[in-house]
Amino acid sequence: MKRLAKVQRRVSRSAARTKVLWRPTLGLFLVAAAGPVAAQTRPMEIEDQYRIKRVSGAQISPDGEWVAYTISTTNLEKDKSKSQIWMVSTQGGNPIPLTMSSESVGGPKWSPDGKYLSFTASRGEGARSQVWVLDRRGGEARQLTDVDQGVGDYEWSPDGSKLLLTVRDADTTAASEGSGEGAGRPRVREPWVINRLQFKRDGRGYLTDTRKTHLYVFDVESEKLTQITSGKWDEGGPAWSPDGSKVAFSSNRTEDPDSNSNSDIWVVSASNTDKGGTLVRITDYVGGDGSPAWSPDGKWIAYTTGTHAMEYDNHAVSHLAIRASDGSGERRVLTEDLDRGVGSPRFTSDGTGILVTVSDEGDRHIARVDVETGEVTRLIAGEVQASGFSPGPDGLLATIISDPQTPGEVYVQRGTDRTRLSHTNDSLMAGLDLAEVRNIHFNSADGTEIEGWVYFPPDFEDGNRYPTILRIHGGPAGMYGVGFSTEPQILAAHGYLVVQVNPRGSSGYGFDFTRAIRQKWGTLDLQDVMAGVDHVIDQGWADPDRLGVGGWSYGGILTNYVITKSDRFKAATSGASMGLMVANYGHDHYQLWYDREWGLVWENREVWEELSPFNDIANVTTPTLFLGGESDWNVPILNSEQMYQALKRRGIDTRLVVYPGQPHGLRIPSYNVHRYKEYLAWYDKYVKGESPSESR
Amino acid sequence: MIPRWIRPAEEGIRFRRMKPSVLALLFLLIPAQSLLAQGGSAQRPLTIDDMFEIKRVGAPKVSPEGEWVAYTVSTSSLEPGKSGTQIWMVPSGGGEPIAMTADGYSASSPDWSPDGRYLSFTASRGDSAQTQVWVLDRRMGEGQELTKEKWGISGYEWSPDGSKILLTIRDPDPVDTLPTHKKPKVTPPWEIDRLQFKRDRVGYITGNRHTHLYVFDVATRTTTQITSGDYDAGSPAWSPDGTRVAFVANRTDNPDGNSNSDIWVVDANNTNKGADLIQVTTNPGSDSSPAWSPDGEWIAYTVLDEPDIIWYEVSDLAMARADGSGEVRVLSEGLDRNVSTPRFSSDGRYVFFGIEDSAENHVGRVDVRNGRVDRPIEGAFSARGFDLGPNDELFTLLARTDLPGEVFATGRNGELTQLTSVNEKFLETVGLGEVVNSTFSSADGTEIEGIFYLPPGYEEGMKYPTLLRIHGGPVSQYSLSFNFEAHLFAANGYVVVTTNPRGSSGYGQAFSYDLWADWGVRDYQDVMAGVDHAIERGWADPDRLGVGGWSYGGILTDHVITQTDRFKAAITGASEFLYVTNYGHDHYQLQWEKELGLPWENREAWERISPFNKVENITTPTLVMCGEKDWNVPVNNSEQIYQALKRMGRETELVVYPGQGHGLSLPYQVDRYERYLAWYGKYVKQTDAPADGEGGNR
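So the protein lines, in turn, are chains A and B.
For what it's worth, the working numbering labels the leading residue of the first sequence as -17, then goes sequentially.
For what it's worth, the working numbering labels the leading residue of the second sequence as 9, then goes sequentially.
Worth flagging that the hints you see were computed from the coordinates, not collected in a lab.
From the three backbone atoms N, C-alpha and C, an ideal C-beta is built for every residue, glycine too.
Just so you know, not all the hints are guaranteed correct.
[Claimed, not checked] When the alpha-carbon atoms are kept at most 20 Å apart in a straight line, the in silico EDC-like pairs for lysine to aspartate or glutamate are as follows: (1) A/Lys281 to A/Glu172; (2) B/Lys637 to A/Asp201; (3) A/Lys670 to A/Asp549; (4) B/Lys193 to A/Glu29; (5) B/Lys471 to B/Asp540; (6) A/Lys502 to A/Asp408; (7) B/Lys622 to A/Glu588; (8) A/Lys667 to B/Glu609; (9) A/Lys667 to A/Asp527; (10) B/Lys191 to A/Glu585; (11) A/Lys670 to A/Glu660; (12) B/Lys622 to A/Asp527; (13) A/Lys552 to B/Asp526; (14) B/Lys602 to B/Asp261; (15) A/Lys659 to B/Asp201; (16) B/Lys622 to A/Glu591; (17) B/Lys602 to B/Asp540; (18) B/Lys191 to A/Glu59; (19) B/Lys193 to A/Glu612; (20) A/Lys659 to B/Glu199; (21) B/Lys622 to A/Glu585; (22) A/Lys194 to A/Asp141; (23) A/Lys502 to A/Glu612; (24) B/Lys63 to B/Glu414; (25) A/Lys547 to B/Glu609; (26) B/Lys637 to A/Glu29; (27) B/Lys190 to A/Asp256; (28) A/Lys659 to A/Glu612; (29) B/Lys190 to A/Glu59; (30) A/Lys667 to B/Glu199; (31) A/Lys35 to A/Glu588; (32) A/Lys228 to A/Asp201; (33) A/Lys60 to A/Asp95; (34) B/Lys193 to A/Glu59; (35) B/Lys637 to A/Glu172; (36) B/Lys193 to A/Asp61.
[To be verified] Computed spacing ranges between beta-carbons, pair by pair: (37) B/Glu87 to A/Lys97: 52 to 60 Å; (38) A/Leu179 to B/Glu157: 40 to 48 Å; (39) A/Arg632 to B/Asp526: 52 to 60 Å; (40) A/Asp525 to B/Gly265: 35 to 43 Å.
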């Protein structure tokens, strides 16, 4: 296991590791357009985040000739986003649009027999999501499925003759039907009648819907639909066995799923006619087992799992494990020594290795884990973030890669050669004056080595000190890294030096690093982020009299710890954050999480109070802006209301912005633009000391 | 710590005993209706649907010459377009009532033009979607729209000579003023920077909308704004000579940080939007409901001058010089009962006012020269909303436990005559049970009053399943008026115990203030004493008890179930559980601070009164209910009680009403009653069938 060096003294400035990652020079990317290289560039604007097209879901065709992928665009005027499927040859060349540009579609897949490119779409007035196919010989798409409730997700059978569909039960309540019953009576919404232990979820509200999600097999030829699982549980993550006779899936089949975070892998016959009356259970770990993947010979199932579920469920590292596909034998965890989160397992075609994504110290790699020895070989490595992967023939891999200067684009990897296939945002990016990004390493107060990245304002001049914003990521087991990120770019474009660090609690640095803040939020992590601020001051970049701080979710929570324990910052923006922890019990969706980490409120109250920034509100002197979604059940707005009310009462400069109807992540683009404007106005006023007319 | 300025109350609790007067003869404790019900032949029990049978009568308004009395009649219906309010009038000496407005729309706030020509009202109908003043010519004809204010009006007052009308108008929502193509497509984010930033039924308070006064000239149909500025003007009253207007406003620098309101006087003809105001009162608490003396020298009003004890204070009646010179006389010294709606007599010698007293509501009268108070309308009933005829004849809305409110007149000898019988048919059809008003002793000897509802057809010697229902407030009272909910439970075979425990209004300031920062202790004892009284009287079966309430009624229910397991079921509606979670989340930031201190400075007080801290004691099957958008007592409290009980494996259920605030709309009220009956039926009566048979009447 890679151990981080622990140095007792703070490393001196000259010895501190600072690595320059990316400078926005013109020669570093292929310029597709002819003509002189553009000389006019401008700083990034808030709206640019919506001019950037988002590339995702790369899927390589079975013959390895093409990569299909999705491009999402946003129309700010209409406040709507759309997605469209494209494909590009693995030999290079211009990408081809495959679906209409006016529709929004789900991610593309190739049928294994090479006949179709499929996708999900809701086309037509009031239509539900169905599977559509494009014939590879040409022509427009045709609808394949016609499931009343719509299709959630789907998987092609290995021989291409069937689809496995994930479908939610039909709504059998009268209220949902526009029936004529009770004509003349005013239509009011039914009261929510709640009987579950887990009765809320962000994005869904009260969970009174008892509908479950089950698996169905759809025969392409006959169009016959057969339900193959049933019962009072949900099934997900399904995978066909290589011979098409069985389906593995993940499901929590305990007596009260609300009271635990278990899920297990099960196998069912793909041709069963009793809706899954007979299942073979593959795993028995008390925590979550998911993402099953079959070996080519059908004898093994690889999947993601954890360790230390009961105590550290919240700070777990995701591991790769393997078990016999008949449930016999024991679990073998293959990546415990790797000590980095892995996901999306897929066997190689010869069955000797398992491909996985790996999150590692700000990077996201693709690696091969040897089945026999457990040895890990990085196939896509370095200072990049690779999102997902799609294996093709002969060891080909398609993926989406981004770096600090480049939003995600499609790449294909052959052996050690990596080729970029798409240039979706080249012309936009060429016109932008981007921030230089440097990787930093420094020691925290207790000597622990911490990693981070610094974004420099485009007009940065060595020797000058700049107003500086410390931004904090969510999670807490989140991870800043080398992927293209618009938030720090926009702040930097506005003249700020931006510091982003991965303090203790973050993922990407091993289990011990992540669980270090269990029951200790706002202690070691607080130390670490402050050390990051000290580092950029020591480097001569940051002005210690013009510091700001902020973040969303855990980023806001840690911001609240910062402002209750430090007065060094001139401004704070605290988004979707927690104030008084006990106010969240039963009000957010974390009842199980609290059971595991903080204990029951009436049994372990001291822990809840110890961790509450609200209790130290009398210490705050920093002008603080609070923001959040009105209907956020992940971190409810109640927290921000309480923090705001207290600061207002105490006479500290403060403001509260609430986004109507929004959950934990703002869904409406214009709200997000509004949020950035609020950030900039607040920082400009208090960090830079500018009056409002100058900044907006 | 009781502050020194609390007026010493009389020894013990004073109860209004029945005075041997003419009045008492007319109003017996046991209404005649229920005697019929005991035989119960043609009559049927009350059902939930009777909510839509009963019509609600509004406070009377006497015509200037005293011949007619106007009032509103409201009907409820679940069918769209069928709920509404109509204006009626009845001869002041008795006779046949006449419907003045048509059905099919709602007309409110009836009044008379001083010259006797018009009956006026407010409505939003016809081309204008906004509320305007309408008038009916008293000779004949349909209503005519008088005002055409762009953003509508919220209130109006005729000037004494009838040539003008004072309008109360709120600034429009800025979004509404935008042309359609400029209106935002999504709700703009709420940008909050006030100390008081939330209100139930409103949500977030943003922007700077205010309510101001305008004078509408009837002849020229022009409107002139007469107040303006960063405050809200309310409760306007014309001086008798029509040259001035008194109104109420909080014009302090930090209105969100205090509960002040003062009375101001402005020149009714000013053309500078009220740039010059005379301040009549300066008390840091609230001064409201101004009423002019006939000579225009004085203004009578209600006063609360101990704002630090918030709602526990009993209000006083006072009068102040209208010229702002500062002279104030307190008129209700020693009364120690809440007062309301002062009105001078026509000779200026008396001030009439409402008195809330020991489960009753009376109309009182004080002689301004010597402060002597008598009660022209007093008895075992609730008389609220009086008006004075040209010779100071009293008319009032009056209700009893067996009579939903009707309009009554008082004669020269003080005898009360019922003028309206809006619910006559309902009362003939439905048989109500007996209602007993009595007192009992609490555990520490304090005398407590209660109103007990017995099931129709009650049989001596039988013990009945019994519900303890608790009122909201906490500073309010169950009164001798028509309690639909109690009659509904009684009709379903329950004995219903309603009490006025410590904290309640109607028994003096010390009785209310007793609750200060100490909820769920002595008031808990008091309500339990009510239950014990019902058992001692032989009505209640001690093995079949239920408890419940809404708002403070739910809060005290939460305290009850953490301290006793005597109840087979509890229903807690819109209640509080862990107090500290409400600071900044409900709309009581100011009140909490006064009573409990700031939570980061005085946390102990917040924890002390929180039922959550004794959650492990709860074993009672508990139904938890609340409105989704209640900012008075927010739903997070209900979510927490439910989550904790569920986690502990107790019998529980949570019901949340979509989009509802502290009060529920009609369809949800029906749903709520159904659930009450089902829960109590299941656990108290221990029957499974909720709707028919033993479960009782829906």
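Verification of the supplied hints:
1. A/Lys281 to A/Glu172: 50 Å, violated
2. B/Lys637 to A/Asp201: Distance of about 48 Å is beyond 20 Å: violated.
3. A/Lys670 to A/Asp549: 16 Å, holds
4. B/Lys193 to A/Glu29: 18 Å, holds
5. B/Lys471 to B/Asp540: 13 Å, holds
6. A/Lys502 to A/Asp408: 44 Å, violated
7. B/Lys622 to A/Glu588: Roughly 16 Å separates the two Cα atoms, so the pair holds.
8. A/Lys667 to B/Glu609: 30 Å, violated
9. A/Lys667 to A/Asp527: It holds: about 14 Å lies between the C-alpha atoms, which stays within 20 Å.
10. B/Lys191 to A/Glu585: Distance ~52 Å between B/Lys191 and A/Glu585 Cα, so the pair is violated.
11. A/Lys670 to A/Glu660: 14 Å, holds
12. B/Lys622 to A/Asp527: 48 Å, violated
13. A/Lys552 to B/Asp526: Status violated; Cα separation ~41 Å.
14. B/Lys602 to B/Asp261: 19 Å, holds
15. A/Lys659 to B/Asp201: With a Cα-Cα distance of about 17 Å, the restraint between A/Lys659 and B/Asp201 holds, given a limit of 20 Å.
16. B/Lys622 to A/Glu591: Given that 20 Å is the threshold and the Cα spacing comes to 17 Å, the pair holds.
17. B/Lys602 to B/Asp540: 35 Å, violated
18. B/Lys191 to A/Glu59: 13 Å, holds
19. B/Lys193 to A/Glu612: With Cα atoms ~18 Å apart, B/Lys193 and A/Glu612 stay inside 20 Å; holds.
20. A/Lys659 to B/Glu199: 12 Å, holds
21. B/Lys622 to A/Glu585: Holds, because 11 Å separates the two Cα atoms, which is no more than 20 Å.
22. A/Lys194 to A/Asp141: Status violated; Cα separation ~28 Å.
23. A/Lys502 to A/Glu612: Violated - the C-alpha atoms of A/Glu612 and A/Lys502 are around 28 Å apart, more than 20 Å.
24. B/Lys63 to B/Glu414: 10 Å, holds
25. A/Lys547 to B/Glu609: 17 Å, holds
26. B/Lys637 to A/Glu29: 34 Å, violated
27. B/Lys190 to A/Asp256: 58 Å, violated
28. A/Lys659 to A/Glu612: Answer holds: A/Lys659 to A/Glu612 is near 19 Å, not above 20 Å.
29. B/Lys190 to A/Glu59: Within the cut-off at roughly 13 Å; holds.
30. A/Lys667 to B/Glu199: Holds: A/Lys667 and B/Glu199 sit about 17 Å apart, inside 20 Å.
31. A/Lys35 to A/Glu588: 48 Å, violated
32. A/Lys228 to A/Asp201: 15 Å, holds
33. A/Lys60 to A/Asp95: It is violated: about 40 Å lies between the C-alpha atoms, which goes past 20 Å.
34. B/Lys193 to A/Glu59: 10 Å, holds
35. B/Lys637 to A/Glu172: 15 Å, holds
36. B/Lys193 to A/Asp61: Distance ~9 Å between B/Lys193 and A/Asp61 Cα, so the pair holds.
37. B/Glu87 to A/Lys97: 52 to 60 Å: 58 Å, holds
38. A/Leu179 to B/Glu157: 40 to 48 Å: 54 Å, violated
39. A/Arg632 to B/Asp526: 52 to 60 Å: 27 Å, violated
40. A/Asp525 to B/Gly265: 35 to 43 Å: Holds, at about 37 Å.
In the structure shown, a violation is registered for the earlier hints numbered 1, 2, 6, 8, 10, 12, 13, 17, 22, 23, 26, 27, 31, 33, 38, 39, in ascending order.
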